[in-house]
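Take the given structure of chain A and dock chain B to it, following the hints.
From first to last, the protein sequence lines are chains A and B. The first sequence begins at 550 in this note's numbering and counts up by one. The second sequence begins at 282 in this note's numbering and counts up by one.
Not one of these hints is a red herring.
Okay, the calculated beta carbon distance ranges per label pair:
{"id": "1", "chain 1": "A", "residue 1": "Leu640", "chain 2": "B", "residue 2": "Arg367", "range": "55 to 63 angstroms"}
{"id": "2", "chain 1": "B", "residue 1": "Glu287", "chain 2": "A", "residue 2": "Arg837", "range": "12 to 20 angstroms"}
{"id": "3", "chain 1": "B", "residue 1": "Glu358", "chain 2": "A", "residue 2": "Met969", "range": "22 to 30 angstroms"}
Think of the hints as simulated: they come from the structure by calculation, not from any bench. Beta carbons are placed, not taken as given, at the ideal position from N, Cα and C, and that holds for glycine.
These are the residues of each chain, in order.
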Amino acid sequence: MIETLVVIAISLIVLCSGMPIAFGFGVAAVACGLLFNATGPLDMLAHTMYGGVNSFELLTLPLFILMGIVLANSPAGNDLYEAIHRLFSRLPGSLPMSNIWACAVFAAMCGSSPATAAAIGSSGIPEMRKRGVPDGLAAGSIVGGGTLGILIPPSITFIVYGIATETSIGKLFIAGIVPGVLITILFSIWAVVASVLAQMKTQNAPKLHYNFQGFPSPAAARMTYSWAEKTELLPRVLPIALLVALIIGIIYGGIATPSEAAAIGAGASILLVLTVYRKTLTYTSIIRILGRTVDDSAMIMLIAATSVLFQSVLTDLGLTQNATQAITKLQASPWVIMLIINVLLLLLGCFMPPFAIILLTAPLLHPIILKLGFDPIWFGVIVTLNMEIGCITPPFGINLYVVKRIAPDIPMSTIIVGSMPFVLMLLLGIVVLCIFPELALWLPGKMFVK
Amino acid sequence: MKKAIESVNTFFGYVGVVAVFASVLIIIYEVVARYVFRWATIWEIEASVILIIFTTFVGSAFALKNNAHVKMDMFVEKLKPSPRKRLNIVSSVLALSFCIYASVKGWQMWWEAYSLGWRSDSLWAPPLAIPYFFLPLGFVLISLQYIVNIVKECKDLRGDRK
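Pulled out of the complex, with its shape left as it was, chain A reads as follows (with noise of 0.2 angstroms):
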């Protein structure tokens, strides 16, 4: 008992004391290895580290990492809202609504939520706000709509929750779709009643100049388009749409594993900037894609090579199984506990970034999720529905700071204030997924298994 106490003591204070999360595990690992005289880990240090990044499942990271960040640096993020704005444009809240979409069909190409927010947000919010859409819903939209991108795969929560708790990282990319699908159309729900309720607000208020979409607008923007208009972006939408399909469909029809997938699906993304979008590219955007993917890369891969170190102190000390054990020992109900594991993970969601969250507890979870007779499949899902909040709860909600880097004028608590409803969407989707676990489970169930 006090072990724990002292282990998570230790590890509070060297994490919180601003290290990064990689070095943090380490120094803890090697100071409670030291304190409780744990040498066995403490020897196998090296062997630990290299084995927690030896794996062929894990090279499905830095490959989505690159895939991502080429795309993400490229105007496709902009062509994709711009072509579907144009065909929900007689819909009220159509404008939040094409971004939450927009993000939707972005996250399938890219697994990280920050990356879905900026490179949807960064042309999609300047747009709303010119257009009247109020600067809550605007900045919440993006907010939000980014966080689709852990959940639709690929996605890189998933990934390293596969590795974690070795269940089928194939599997569990198909598992997120429909609820990426459900997910979606609630955040579209609540992007088209804020915009009925900021129309009738509005409306109370001194006579504008109102568009079609019921927001007043200060500039005479357009919102109706002929066909022609409608159709004029679908050639460049094009590519995007089979590189989407290109992916799942090789996951799904059991073609290749999830991290041939990811080196297809970066070749292509490649070859798609430099064929479509080669007049985009500069000397410094290039050097930035290439920084950042090591960056990124790297960044993540040595949180694994650590947070396994730490895991082995853990383990090596009895810690792993004593907290398995006192969790069952609980006469609690199976659902009574999975309450619990939720708000523990949406706690951890406020303070850390999904990836690390993941990696420090679902060793310690799986185990007591197959005890009470929970689908693993399905528990990643609902994690990474929590780590989905956990981007938008400050204070590190990671998409908060994506979309005040993008429209540094609207002020934090707007944001917050705007993205909220968003996290009820969240939670909800968490509740229906409770009651209906089907709705993770059946797609995979129908997978050619690979």
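Just chain B now, kept in the frame of chain A:
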């Protein structure tokens, strides 16, 4: 000295980029060879994993130079500048000592694999001394970068006092 260390890390960072691109090409080749031509594939998957191991450990020094390692700094940011800088130096020294410890353990692991001529447990069986080399190399480069950072932070703190 600072410049030399940083340019070495930048150089290795871009070697890490080449390694990522090489593994993309190798795996695409592997997919075509295996699923289209039905050739036996022997070295491709292991080689691409080794390339990514290089990027992980050696690229981490580049990421540290770019301040790209994610950290939980929201509590530290609440502190006043002077105690915050002192805390930064303390945490950097702690991280540095972990990296030195990991380098020592890493060199021991490498030496064992090298002197005993260990080979990977696969059909291709490359000598393990090659991938094992990347871990200690990476941690030595990270340690050097941390020393550069700590010297910078100390100078900064002393500058404030004057």
